[in-house]
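Just so you know, the protein sequences line up as chains A and B, in that order.
Just so you know, we're using this note's numbering here: the first sequence kicks off at 5 and counts up by one.
Just so you know, we're using this note's numbering here: the second sequence kicks off at 5 and counts up by one.
Hints are computed from structural coordinates only; laboratory data are not their basis.
There are no misleading hints in this set.
A pair holds if it fits inside one copy or across any two, identical chains being indistinguishable in the list.
Here are the simulated EDC-like cross-link-like pairs (lysine to aspartate or glutamate), alpha carbons at most 20 Å apart as the crow flies:
#1 192 - 94
#2 148 - 126
#3 308 - 240
#4 213 - 193
#5 213 - 181
#6 277 - 312
#7 92 - 24
#8 315 - 215
#9 196 - 240
#10 315 - 274
#11 192 - 24
#12 11 - 121
#13 213 - 182
#14 196 - 215
#15 213 - 240
#16 199 - 312
#17 196 - 312
#18 199 - 240
#19 174 - 136
#20 315 - 226
#21 192 - 181
#22 305 - 73
#23 192 - 240
#24 115 - 82
#25 199 - 182
Protein chains: 2
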Amino acid sequence: MINNNNKILVVGSVAYDSVETHAGKRTDALGGSAAYFALAASYFSTPAIVAVVGEDFEQTHIEFFESRDIDLSGLQIENGATFRWSGKYDPNNLNYRETIDTQLNVFAEFKPILNVEHKAIDVLFLANIQPDLQLDVLNQTSSKPKIVAMDSMNLWIDNNQEDLLKLIPKVDIVFLDETELRELTGIKDLIKASKSIISMGPRVVIIKKGEHGLLMNSINTDNSFSLFACPALPVDPVIDPTGAGDCFAGGFMGHLASLGKNISEISTEELRKAAVYGTIMGSIAVQGFSIEQLKLVSTKKIEKRYNEFVKLTTIS
Amino acid sequence: MINNNNKILVVGSVAYDSVETHAGKRTDALGGSAAYFALAASYFSTPAIVAVVGEDFEQTHIEFFESRDIDLSGLQIENGATFRWSGKYDPNNLNYRETIDTQLNVFAEFKPILNVEHKAIDVLFLANIQPDLQLDVLNQTSSKPKIVAMDSMNLWIDNNQEDLLKLIPKVDIVFLDETELRELTGIKDLIKASKSIISMGPRVVIIKKGEHGLLMNSINTDNSFSLFACPALPVDPVIDPTGAGDCFAGGFMGHLASLGKNISEISTEELRKAAVYGTIMGSIAVQGFSIEQLKLVSTKKIEKRYNEFVKLTTIS
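Go ahead and model the full structure; you've got the sequences and the hints to work with.
This is how it looks when you write it as structure tokens:
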């Protein structure tokens, strides 16, 4: 793992989450896709956040991000309250959760604005926000970043598919879960579905399967495909799955950013390593509520878990 | 893969299945745990079947087994009809199936009987039948086989748990799916649950997760545990999942039998290779109804798919 100066910009949400699982509950704990992503990525490269919070956003959280060298020059602080989400997970099956309340607050009017430095960013992650905002961010960049990646969700696939289909050809890496990929492409088989996304422009599709790991399909320079099947790291106990996908993306993109390369120069091997680093960061995230475990980890612990993962999955 | 003379005995069912999936249907096609297992294992070692069929069992099926060098000296042919099962898979989700009809027929009175040669078998697989019959088979062996493995199902965990708990300490390898393992042990976490099985005597627990692959936990000679996470091989299209678990076990046990070793001499690496061979045989089985694809495969094709699987899962 290389911790160099490669900057990675994430545009997404910073939120206060109230979460209940079999293991307990937390009220107004730090969350949001950009918060999780940036924190996970901060162990690999230097993240910057473009997001919006309200006047109630706590100074201790600002200081915490800064303690991780996360650039907050793009964090807008607006009149009003920070985005709040509350949810409850099925105590018997963490794959199911019920949203109890969503208060968009200042996030409802979020207009991402890139400053001069951010317009020239090397690596850009468009976390799960409205596709027209994701497109707008991409249009603000002064030149094509070395790597652009995106996440999305069923809501946008259902309601904003046209914008989504404009965005996808402009990105290099697409993160989706199984259901989202099938819904977006109308193709049941995950490999065929990933190829149909790749045929639109992206080089890499990561199909997230939660506790069952992931499939990654990528196109090589000779136009052949390289498929990678990666199990999850079994973790016991899982405390709170919130943010696991964003932490996966943070570890994945953080590792790629640390390489300092254009997407076209990145080998299959490096993509696979990135998928494992993402898996590790996701496994750490779920071991605590909010960012509780994520903030306690170290590069050394991450490397240790990486090596454990290699042992867990190596055939011979 | 070594095809030597190591014999492997399977005790289970031979049946005629009528199956409907999104891909079509078959009526009275060859099935049953012992049939699937033996056929899959026949590409690695020399299987023998102890099972019962009715007078209606077709000569072509006898001849087919014999063409694969499968020893049928333990196949009882009784007055009456062969075990029949019919089921229909959810066209949108092959993880769900409905049993339309079960006619046990001659299988209702099945009493496994080992002949002299079978009593001295090296490798024994107790497929999913009543635990007291599994125990009875084990008691018929003249000396402890080099490897004894067993499968089971929720029905026996619910209704015959006492017998099951007598059997488990006497076997080396336990095959169960996630739900079965959790139900049997009362432990939600799969790794802890597998350790509780190992504490009863077995050295290896294989947790089958269907399309999501498997976890295998095993105890080493120094009493440490070795955990292996193995994804499934993505297959498109899946035609019929019936028998995939038995073919997995057949490939797994077939490879172990080919080594000619006692369970205590088998390395973690060999167990992992066996898990991959099992995965390959399961992936072949689901690509056709009944044994349609399984009978067309060859050692060469299996090795090719093994190598593809290594590429699919190797990080770097």
